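Residue numbers (numbering that gives the first Met the number 0), protein chains in the order written: chain A, 0 to 388; chain B, 0 to 357.
One or more hints might be untrue.
Unchecked claim - Distance condition first, Cα-Cα at most 27 Å in a straight line; then the derived BS3-like pairs of lysine-lysine: (1) A/377 with B/1; (2) A/220 with A/78; (3) B/241 with B/354; (4) B/1 with A/283; (5) A/174 with A/90; (6) B/103 with B/323.
Unchecked claim - Only some residues are given here: those of chain B computed to face chain A with a beta carbon under 8 Å: (7) 32; (8) 66; (9) 68; (10) 69; (11) 70; (12) 71; (13) 112; (14) 115; (15) 116; (16) 117.
Please keep in mind that the hints were generated in silico from the structure rather than gathered at the bench. Since the model is a prediction, treat every value here as computed from it, not as a measurement. Glycine residues also receive a C-beta, built at the ideal position from the N, C-alpha and C atoms.
Chain by chain, the residues:
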Amino acid sequence: MQRVYLDHAATTPMVAEAISALVDQSAKLGNPSSLHTSGREVRKDVEEAREAIAKFAECAPSEIIFTGSGTEANNAAIKGLFWSARESNPKRKVIVTSPFEHHAVMDPIDWLAVHEGAEVVHVGVSSDGVVDLDDVKRIIEARADEIALISIMHSNNEIGTVQPISEIVQIASEKQIAVHSDAVQSFGKVEFSFKNLGLTAATLSAHKIGGPLGIGILILKRGLEITPVLHGGGQERDIRSGTLNAPAIVSFAAAVKKVHSEFLERNNRVRHLKESLKATLNEKVSDIRFNGRSENSLPGILNVTFPGAPGDALLLLLDAENISTSTGSACSAGVAQPSHVLLSLGLSERDAKSSLRFSLGHTSTDSDVAYLGSVIGKVVERARAAGLK
Amino acid sequence: MKLIAAMSGGVDSAVAAARAKEAGHDVIGVHLALSKNPQKYRSGARGCCTVEDSHDARRAADVIGIPFYIWDMSDEFHSNVVENFLAEYARGNTPNPCLRCNEKIKFEAVLDRAQAMGFDGVVTGHYAQTRESKDGKLLYRAVDPAKDQSYVLAVLNRDQVQGAYFPLGDTVKDDVRLEADRRGLSVANKPDSHDICFVPSGNNASWLRERLGSTAGDIVDESGNKLGEHQGAYTYTVGQRKGLGITTPTASGEPRYVLRIEPVTNTVVVGEHNSLAVHDVTGERPIWCGPAPEIAHSYEGFLQVRAHGQPLHCTYSWDGTEVKAQLLDPLFGLAAGQAMVMYDGDRVVGSATVKSTS
Ligand SMILES: Cc1ncc(COP(=O)(O)O)c(C=O)c1O
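Could you put the whole structure together from the sequences, leaning on the hints where they help?
Structure (structure tokens):
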């Protein structure tokens, strides 16, 4: 029996073009920083990839800094912007962020608070998962001179809501405040234009769109120099040292081109599947709730609360039926934690722990949804029985 | 059958899970997270449930080829085991937290959850055996007397025994290690854990002192004469001889032992070895692992009062409320709150909480 994979937001299958690009490039010899012919040839492949990705992300090629992951790009952006802002003006140590960021944003910010004296200010969010713009305005007006940066995700990885980044940038730019946005989930799924948004920095990751694991991008506004996290050979504008991972970069670009070529078709199909998944769940299971607004959301993410059914029991039982889903994040010991995203929307700890994220992607089919529909009733019933214990 | 294998990250539960899988069952490995803030690493045989232990359990499940999950039982463990342990000490009793954990966590919280989810039972690496009979499955000692854990399982009621699977009961520990090695399980040589898992330092007295505070009180002899002072009664155990700090010798020159702890007056009563002798034990809140004994009928059997204690010849009876055991030869040192376990030969009849002794 084939597995039904409903966890595309965690990682999605690589597209064939990206796999062959990865394999082919791996056979090529040369360090892209070397001055000889071998090095130059690989460097050429890297620069072509950079240009292809820049075209789709609507930024200048020189604004792309390759990193080892989305997590690394977030760390580089947040720590770099914070250190640079504080260096130019010691008063600037406030970081404005949302309460539902990915850990790869939340944790570097917490680290800066604990170790570097940063003050964290959370903007309010609505119960359907959108940042409150009035609150953003209020905070900026009150603390403009103290804000080092604003970091708010472009779309949420657990509930799929797209955030009003363009409006936030507009408010912030009046006071010349830097804005970073983690666009890992958005890129390739909804419209994302670095230029049109007017962002200072953004984060992308290849493995969410059919590229390989372990390659990310920090898009950083041209001319801006930030304090690096990694020091070394001075690659990538001296902001991210380390030999460039040419095979992963070229493979990333292949995945981007593929998404680019079928953007509307792919995402409309996935969104359509999500609607059918929603209808199926409503039909098969009583008393469920969907988290996060559905308009202006990512095409593939559906977050559902099954009151009374512990998420870990749901995950185990679905896994035993060959269906992969997710309950959100786990602590270092592997214990499932109630999602901070759902808690920030006002869900009780109990409801947050009774929730599951289904995420669809480019390989999802009608039969995946139908198969889930054939087992979900029994699974929820059993999980609810276990939840009563 | 569909079984949940509780995998601690140690060698026993890994081999138990492997055997269950090999026997043709549909097995899923589950590691129980019992602490909210687990330590990263084990230090030797100390503690358990560290991040490293959950990693070891996961790797064992990979090698065996079974799915693996972590279940958060930290709230249940804290309220049912850790808090109970503290409360019993504060009451002057000497509880055994492993018993409590088997009763409330492994074979209640976990077994109930497993059964609700459609599983037939729980597999653990305990050294004990079950055998089918006309009364259903019954609980027996393991073949390896040095490792036998039937004592700490005697808190399982009849229903719980039906859902319990102990694949290691017929094997000695050394062979389990060899088998683990043969199966390619990297935990083959991992040291056994000994101490109480939630007392990572292994120093129960100071752990208790930190949590219960210490109120100094008197150490008295059996007539109530003050002989010295203590810094917190719960750090003493009945039968203890060392560390009493009493300078005046006894009339006979015999050493002194802790006879009992009186929590109300916060006194520790000491006396000669003879005064520790116990002939009759009364227990309450019995749990029968199989069919309950007939009321007011006297049975011949064995009594055990410690995890690896000697089985002692006795007769026991039950009046519907209390269990009474009469020993053929006295035992020395038994505290209220300890578990008394009755055996019929090698079969575990049941357990009760010691209420009084004489
Ligand atoms: C919103 C978001 N940010 C960051 C990341 C981390 O990216 P990476 O896995 O490349 O480190 C993820 C995915 O895991 C994500 O969903």
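Each hint tested on the structure:
1. For the suggested pair residue 377 of chain A and residue 1 of chain B, the alpha carbons sit about 16 Å apart, so the restraint of at most 27 Å is met.
2. Proximity of residue 220 of chain A to residue 78 of chain A is assessed by CA-CA distance (about 16 Å); at most 27 Å being required, the pair is judged to hold.
3. At most 27 Å may separate the alpha-carbon atoms for a hinted pair to count; residue 241 of chain B and residue 354 of chain B meet this at roughly 25 Å.
4. Taken as a hint, the residue 1 of chain B and residue 283 of chain A pair is honoured in the structure, with Cα atoms around 25 Å apart against an allowance of 27 Å.
5. Proposed proximity of residue 174 of chain A and residue 90 of chain A is supported: the alpha carbons are some 15 Å apart, at most 27 Å.
6. For the hint linking residue 103 of chain B to residue 323 of chain B, the alpha-carbon distance of about 25 Å falls within 27 Å, and the restraint holds.
7. The beta carbon of residue 32 of chain B comes within 4 Å of a beta carbon in chain A, closer than 8 Å, and the hint placing it at the interface holds.
8. At a threshold of 8 Å, the smallest CB-CB gap from residue 66 of chain B to chain A is about 6 Å, leaving the interface hint in force.
9. Hint status for residue 68 of chain B relative to chain A: holds, with the closest Cβ pair at about 5 Å, below 8 Å.
10. Taken as an interface hint, residue 69 of chain B checks out: its beta carbon lies about 4 Å from the nearest beta carbon of chain A, inside 8 Å.
11. Checking residue 70 of chain B against chain A: minimum C-beta separation of about 7 Å stays under 8 Å; hint holds.
12. With a least beta-carbon distance of about 5 Å to chain A, the hint placing residue 71 of chain B at the interface is held under the 8 Å criterion.
13. Taken as an interface hint, residue 112 of chain B checks out: its beta carbon lies about 5 Å from the nearest beta carbon of chain A, inside 8 Å.
14. A least Cβ separation of about 4 Å between residue 115 of chain B and chain A falls short of the 8 Å threshold, and the interface hint therefore holds.
15. Taking 8 Å as the C-beta cut-off, the interface hint given for residue 116 of chain B holds, the closest approach to chain A being about 5 Å.
16. Checking residue 117 of chain B against chain A: minimum C-beta separation of about 5 Å stays under 8 Å; hint holds.
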